[in-house]
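Chemist: Residue numbers (our numbering), protein chains in the order written: chain B, 1 to 116; chain C, 117 to 365.
Wrong hints could be hidden among the right ones.
[Said to hold, decoys possible] Not the full set, but computed from the structure, chain B residues with beta-carbon under 8 angstroms of chain C:
| # | residue |
| --- | --- |
| 1 | ILE6 |
| 2 | ASP7 |
| 3 | TRP10 |
| 4 | PRO12 |
| 5 | LEU17 |
| 6 | ASP25 |
| 7 | THR53 |
| 8 | LEU63 |
| 9 | THR75 |
| 10 | ALA77 |
| 11 | ILE80 |
| 12 | GLY81 |
| 13 | PHE87 |
| 14 | GLY115 |
| 15 | TRP116 |
In case anyone wonders, no lab produced these hints; they're calculated from the structure.
Computed from a prediction, not measured in an experiment: that's the story for all the values here.
Glycine included, each C-beta is placed from N, C-alpha and C at the ideal position.
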Amino acid sequence: MTFDAIDAWWWPFLFILLAGWLATDAWRFLGVAFGGRIREDSEALVFVRAVATALVAAVIGNLFVFPSGALADTTAALRIGAAALGFVAYLAAGKRMLLGIVVGEAALIAGMAAGW
Amino acid sequence: MNDDNPQAAQPGRARRWLLRGVRAACSVPGLILASAHVGFAGLAKEAGFTLAESMFMVAAVWALPANVVLVGAVLSGASLPAAAFAVALSSVRLMPMVVALVPEMKAERTRGWVLYVLAHCVAVTSWVIAMERLRAVPREMRTAYYAGLGFTLVIGNTLLVGVVYLLVGSLPAWVTAALLFLTPIYFLTSLWSSARERAGHVAMATGLVLGPVFHVLLPGFDLLAAGLIGGGGAFLYHWLRRKGDGAPA
Numbered sequence: 001m002t003f004d005a006i007d008a009w010w011w012p013f014l015f016i017l018l019a020g021w022l023a024t025d026a027w028r029f030l031g032v033a034f035g036g037r038i039r040e041d042s043e044a045l046v047f048v049r050a051v052a053t054a055l056v057a058a059v060i061g062n063l064f065v066f067p068s069g070a071l072a073d074t075t076a077a078l079r080i081g082a083a084a085l086g087f088v089a090y091l092a093a094g095k096r097m098l099l100g101i102v103v104g105e106a107a108l109i110a111g112m113a114a115g116w
Numbered sequence: 117m118n119d120d121n122p123q124a125a126q127p128g129r130a131r132r133w134l135l136r137g138v139r140a141a142c143s144v145p146g147l148i149l150a151s152a153h154v155g156f157a158g159l160a161k162e163a164g165f166t167l168a169e170s171m172f173m174v175a176a177v178w179a180l181p182a183n184v185v186l187v188g189a190v191l192s193g194a195s196l197p198a199a200a201f202a203v204a205l206s207s208v209r210l211m212p213m214v215v216a217l218v219p220e221m222k223a224e225r226t227r228g229w230v231l232y233v234l235a236h237c238v239a240v241t242s243w244v245i246a247m248e249r250l251r252a253v254p255r256e257m258r259t260a261y262y263a264g265l266g267f268t269l270v271i272g273n274t275l276l277v278g279v280v281y282l283l284v285g286s287l288p289a290w291v292t293a294a295l296l297f298l299t300p301i302y303f304l305t306s307l308w309s310s311a312r313e314r315a316g317h318v319a320m321a322t323g324l325v326l327g328p329v330f331h332v333l334l335p336g337f338d339l340l341a342a343g344l345i346g347g348g349g350a351f352l353y354h355w356l357r358r359k360g361d362g363a364p365a
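This is chain C alone, in the form it adopts within the complex:
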């Protein structure tokens, strides 16, 4: 930020911070995300998606919950509008995450389009790493750092999904079963971790039960019904509790 001649020193310095971002992607959260994508490759293949479609989903959507919801919607025979609505509901949470990240990442001379491009990389893992480490990065270098971090995760996991997709067919059945188990077990722990308030835990528990119930009762709309009823119920619980506590709203 306080370089004497920022213009001249910029390119080499930006590359260095970009590489530091790349290195930040190779961390425990990065490993957990990779294991979840190993599971996703198996899930997509079992659901009948082709190799190209599976990789395209990972790179274009880049939010594992959204992709898992998309696969779930396709599996339950949802129409395009119903699938888009379910995915949109699962992705609304990205908006406040981006809203919180942008002021951290933006420097005085940052161009608008750079922020839009980088926003595509925002998903839970890169967001958690960035919110934790951006503070230690010089402000002018934050977009370079986040580009290294975000695009390493996007590109790395897209390639990983391709490789695992090709391997799945030749693996023993028990390995494939274990691999398919990765997605639900990953989200079981990650949803609980990411809940900010008690309502999140209530929403998770109700969703787990209502999903299979509506799968039988309302095929095609099971996810929407479970999301709206489970989430609405959890919010009601949150609202009543807050009222009961007499806490200022």
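Isolated chain B, as found in the complex:
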């Protein structure tokens, strides 16, 4: 039962509803139901946050190493180098996200212009 399993217009939407909406809003609704009965600093929540962070980081790693579309025409070295530059700029500026994003993008565009 993959995203392409059923050839009907409604299947992708049902897939998104079940795998996306339900899997996400269920936690929000539980949060309202629990309201104020969970401690932010409990060990279980440290574990939950660590798994969620690693999971999203895995997607990001895949986007850097195995990108799709026009980004796939750039070299892996350029993508990783530009990301590293942006990240260093973000840290050096005292964790300013906007600056990190701008520097990373500028490095990528400069690299593409230089034909790397």
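Given chain B, put chain C in place with the hints provided.
Modeler: Below, chain C alone, put in the same frame as chain B:
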């Protein structure tokens, strides 16, 4: 809160606070979120999602990490249960965020269903803005304020994704490449910023490496494997460090 006649004054006052919430969405965090959605529109299109599917994902799921994981799962050919499990793992963190926000937002007369509807808007950006500014909003007006803030972000970014999706095809290749680069570079900085403890940074570093490794070794389960092993390892590090410090657990 201390109005002489709260009933009569309420509607106009609620509208004013709602509009203030709308204005709070147009801020630097709002701009950063918008740039991330510009990237997401490109990502969804390249992954083969239609315009309607892409906009539906943004509005219905309303959590960029969950949507990026969903696209990643579809790309790696995951089945519905595997994709749902991966998305659910990435979204568990929303529960404690809602738990923390609800007492801030709730007034004595707030109805239950209002909180459930507003909870749909909870994601990192609106949560950070709300936790920072709700204190300055009169308690009776907090749900109105958050509705303005949250739904502006949801609706605005859904429309933005639609517009960018339509534009992507007619853009020069280098612009499209730069646009596709927005999602990973956004999360590279935002994941680091949102980590509460050192374990978060360890989890991020391991996930970045394990994702591509398992993409090759375990296609279809790469995200789950990287999340559980990377996150579990980071938690072990956290636990050992705490034990080593002799800090009270």
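Chemist: Against each hint, give a clear statement of whether it holds in the structure.
Modeler: Here is what the structure says about each hint:
no. : hint   : verdict
1   : ILE6   : violated (10 angstroms)
2   : ASP7   : violated (14 angstroms)
3   : TRP10  : violated (11 angstroms)
4   : PRO12  : holds (5 angstroms)
5   : LEU17  : holds (7 angstroms)
6   : ASP25  : holds (6 angstroms)
7   : THR53  : holds (4 angstroms)
8   : LEU63  : holds (4 angstroms)
9   : THR75  : violated (12 angstroms)
10  : ALA77  : violated (14 angstroms)
11  : ILE80  : violated (10 angstroms)
12  : GLY81  : violated (12 angstroms)
13  : PHE87  : holds (6 angstroms)
14  : GLY115 : violated (11 angstroms)
15  : TRP116 : violated (12 angstroms)
Going through the hint list in order, the structure does not satisfy hints 1, 2, 3, 9, 10, 11, 12, 14 and 15.
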